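Those letters in the sequence shown? Residues -19 to -1, 1 to 344, by mature numbering (1 follows the signal peptide of the UniProt record, and there is no 0).
Among the hints, a few may not be true.
Pairs of lysine-lysine, DSS-like flavour, derived with a Cα cap of 25 Å [what the hints assert, rightly or not]:
1) 265 - 280
2) 101 - 144
3) 162 - 178
4) 245 - 230
5) 291 - 280
6) 90 - 143
The following label-pair restraints were derived from C-beta to C-beta distances [said to hold, decoys possible]:
7) 162 - 208: 45 to 55 Å
8) 290 - 108: 57 to 67 Å
9) 108 - 71: 49 to 59 Å
10) 342 - 299: 15 to 25 Å
11) 338 - 72: 36 to 46 Å
Hint data in this document are derived by calculation from the structure and do not stem from the laboratory.
Quantities reported herein were computed from a predicted structural model and do not represent experimental measurements.
Think of the CB as a built atom: it goes at the ideal place given N, C-alpha and C, for glycine as much as any other residue.
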Amino acid sequence: MRSLPFLLVLPSLYAAVAGYVVIDKPHISSTLSTRADKTPDNPDGEDDYQDPVTKANVPRSRILPFGQNGVDQPPEARDRWFDWDMTCTDTDDRQKIMTAFTNAYALAKQASGALDALIKGLPSPAGTGSNAIRVNQNYIAAEDPAYTQMWFAQDNRLAQVKKSFDTIYSQVTKKPDDRAKGKGALRLICDKGGNVKAQDEKTSYCGTGPTAAHAIANNAGNDQPIEPKYVFAHSASIVLCPSFFDDTKFPNLPDILSDFDHHKTLDLMDCREEIMLHELCHLKWTLNIYQPDNIGFLKAAQTAGKGSGKRRSPDWANAKGNADNYAWYALYSYWNRLPNWGEETCKNDAWPQGTAKPNPTSF
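Work out the full structure: start from the sequences and follow the hints.
What follows is the structure in structure tokens.
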């Protein structure tokens, strides 16, 4: 769950930052197969969906994510990566969601590439003695402040964190049955109006007030207290809560990038992509993270270590189980790899200058 205490390609925009990250368009399989979350007796109780633009009626199980109106894709698209729920009827909202979803897995791919570069650049093999570890940590601190704060510059954890991002990317871009036999589908539910109820069918599922969730992931078979009609035996779901649709709180990443102000800091970068990536981490067929969330870049960095001052040390057990450590590392790393992280700008770090870093910057 993402709450307070997850790119559509823009060629002209990314021409300006060429060489830093490549955002791939989704690939739709041309192989027909039975949907993982559907059987002939229709266990999810699907009824027809009328597209608000085309007025076409289609079974909800056939609503497609790619294409302006969501219904103009070829039959092969039944192997798509997610379904729209019948709650997602607004074209603009679907565009925001599609942008966030596509960019989320692209950020995972970029994060893996950044970690691969760190691994290849280590002065010494990871974990080969205290002096070598210290040398490696200082190298990491100089090259990647994001990994230093979100993972305490641990050289012996680089490969595992990279593997986690590889898993997210590879699983999200598979057809459902290749993710998890019979339970690999994903449905996105739009709760812009706060109408989805909790298990008691009375209270808000997303919650209200300052601690309300921004989005909540639920695995197939239900591991969250949601009303019964949103429990799917064959499909995971992500409920996108009212705040997810608030452009002033959580714009899409291209909107943050569009002003070309490469000196923005993390406190100004929260976006739908970060929320989406966070929620993807909770799914059983990605990282299966289930421990309580520590939300926000600062709390994520605090989670990466324990103790204080010179006695502060890595806390790998908590960091690896906190979805925001992955989401914020990906976003932080991405921003620092844009042109502002270059010699000509004195390597401007995206960490806010007025906020103390919880973890060491040298070792």
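A quick look at each hint next to the structure:
1. 265 - 280: holds (24 Å)
2. 101 - 144: Holds, because 15 Å separates the two Cα atoms, which is no more than 25 Å.
3. 162 - 178: This hinted pair is violated, its Cα atoms lying about 29 Å apart.
4. 245 - 230: Satisfied, since the Cα-Cα distance of roughly 15 Å is no more than 25 Å.
5. 291 - 280: holds (19 Å)
6. 90 - 143: Holds, because 9 Å separates the two Cα atoms, which is no more than 25 Å.
7. 162 - 208: 45 to 55 Å: For residue 208 against residue 162, whose Cβ atoms are near 27 Å apart, the range 45 to 55 Å is violated.
8. 290 - 108: 57 to 67 Å: violated (25 Å)
9. 108 - 71: 49 to 59 Å: Holds - the Cβ-Cβ distance for residue 108 and residue 71, about 50 Å, lies within 49 to 59 Å.
10. 342 - 299: 15 to 25 Å: Given about 21 Å between the Cβ atoms, the range holds.
11. 338 - 72: 36 to 46 Å: Once the Cβ atoms are compared, 42 Å apart, the range 36 to 46 Å for residue 72 and residue 338 holds.
Comparing the model with each earlier hint shows violations of hints 3, 7, 8; every other hint is respected.
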